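Its first residue numbered 152, the sequence shown is counted upward by one per residue in the numbering used here.
Warning: the hint list may mix true and false statements.
[What the hints assert, rightly or not] Quick list of simulated restraints, FRET-style, between CB atoms:
| # | residue 1 | residue 2 | range |
| --- | --- | --- | --- |
| 1 | GLU307 | GLU278 | 42 to 48 Å |
| 2 | TRP174 | LEU347 | 14 to 20 Å |
| 3 | ALA255 | PRO346 | 41 to 47 Å |
| 4 | ALA271 | PRO247 | 35 to 41 Å |
None of these hints come from the bench; they were simulated from the model. Remember, it's a predicted structure, so these values are computed and weren't measured experimentally. Glycine included, every Cβ here is placed at the ideal spot set by N, Cα and C.
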Amino acid sequence: MDPLAYVPFCGPPPEPGALMSRWLLDPALLAGLAVALGLGLWLARDRRLMAGGWVLVALLFVSPLCALSMALFSARVAQHLMLTLVAAPLIAAALPSVRMPPLAAAGLFAAAFWIWHAPAPYTATLESDLVYWAMHLSLFGAAVLLWSALVAAVREAPFAAFLAVAVTAAQMTLYAVLIVLSPSVWHVWHLSTAPLWGLSALADQALAGALMWVGGGLLMAVSVALVLSRRFLAGTAAGGRTLAAQESST
Numbered sequence: 152m153d154p155l156a157y158v159p160f161c162g163p164p165p166e167p168g169a170l171m172s173r174w175l176l177d178p179a180l181l182a183g184l185a186v187a188l189g190l191g192l193w194l195a196r197d198r199r200l201m202a203g204g205w206v207l208v209a210l211l212f213v214s215p216l217c218a219l220s221m222a223l224f225s226a227r228v229a230q231h232l233m234l235t236l237v238a239a240p241l242i243a244a245a246l247p248s249v250r251m252p253p254l255a256a257a258g259l260f261a262a263a264f265w266i267w268h269a270p271a272p273y274t275a276t277l278e279s280d281l282v283y284w285a286m287h288l289s290l291f292g293a294a295v296l297l298w299s300a301l302v303a304a305v306r307e308a309p310f311a312a313f314l315a316v317a318v319t320a321a322q323m324t325l326y327a328v329l330i331v332l333s334p335s336v337w338h339v340w341h342l343s344t345a346p347l348w349g350l351s352a353l354a355d356q357a358l359a360g361a362l363m364w365v366g367g368g369l370l371m372a373v374s375v376a377l378v379l380s381r382r383f384l385a386g387t388a389a390g391g392r393t394l395a396a397q398e399s400s401t
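Using the sequences and the hints given, assemble the complete structure.
So this is what it looks like as C-alpha cells:
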C-alpha cells in the first residue's frame, strides 16, 4: 500500500512545515482517554502518579508526535519508549500491584515487543486502525503488567525483579543493535515517508535503533531507580512503623 495515498489513524505522513498543526483531537480518542483516566484515578493508590501517567499517554497520541510517527520509524520508537518505559511504570506504581512472576511478565512484554516491531505486523498497524490499536493496547498493557510485577517483587523477590529488568533491557538492546547494523530497511512503509524529513529510510532506521539503544537504556534506568526504589523505601518505612508499634505494645 502506498503510504502517501492511505490515511492511517494519525493522519497522512506530515511534511516538516505542517507538523505543528497536526494535533489529533479525535472525539473517540479523547473520550477513551478520559474514561481511562477516570477509572485509573478511581483505582489508584497514588493519584498524582496516575494522572501523570495518563497525561503523558494523551500527549503521545494527541500531540503532533502521533502524526510524525507515520513518517519516521524513529518517531514511532520514541513514542513507544515513552509509552512503555515512562507512562507504564507511573501507572503501574499508582495501582495495586499484580502478583505475577517478574520473569513471566518480562517474557510477555518481550513477545509483544518483538511481534509488533517485526516487519509484517508493523506494516499492518499502519494500514488498519484496528491493528494499530491492537498493537498499542497490547504493548502498553504488557508494559503495565511488567512494571506492576516488578513493583510487587522489588522487596519480596529482588533477584527475580533484577533478572526481569536485565532480560527486558537485553532484548530491547538486541533489537536496537539489529536495526542499527542492518544493511537493509526493515519497514518498507518508510521508504517514501522518511525522505519527507531529509532522511533515507535506512538512516531513519539507524536513528531509531540509536534511540532505543541509548535513550531506552537511560529511560529504563531512571524508571527503575525512581519507581522501584520509591516502592522499596515505602515498604521499608511501613515495616519500620509496624515493628515500632509491636515494640511499643510489649
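Hint by hint, work out which the structure violates, then give me just those numbers in ascending order.
none
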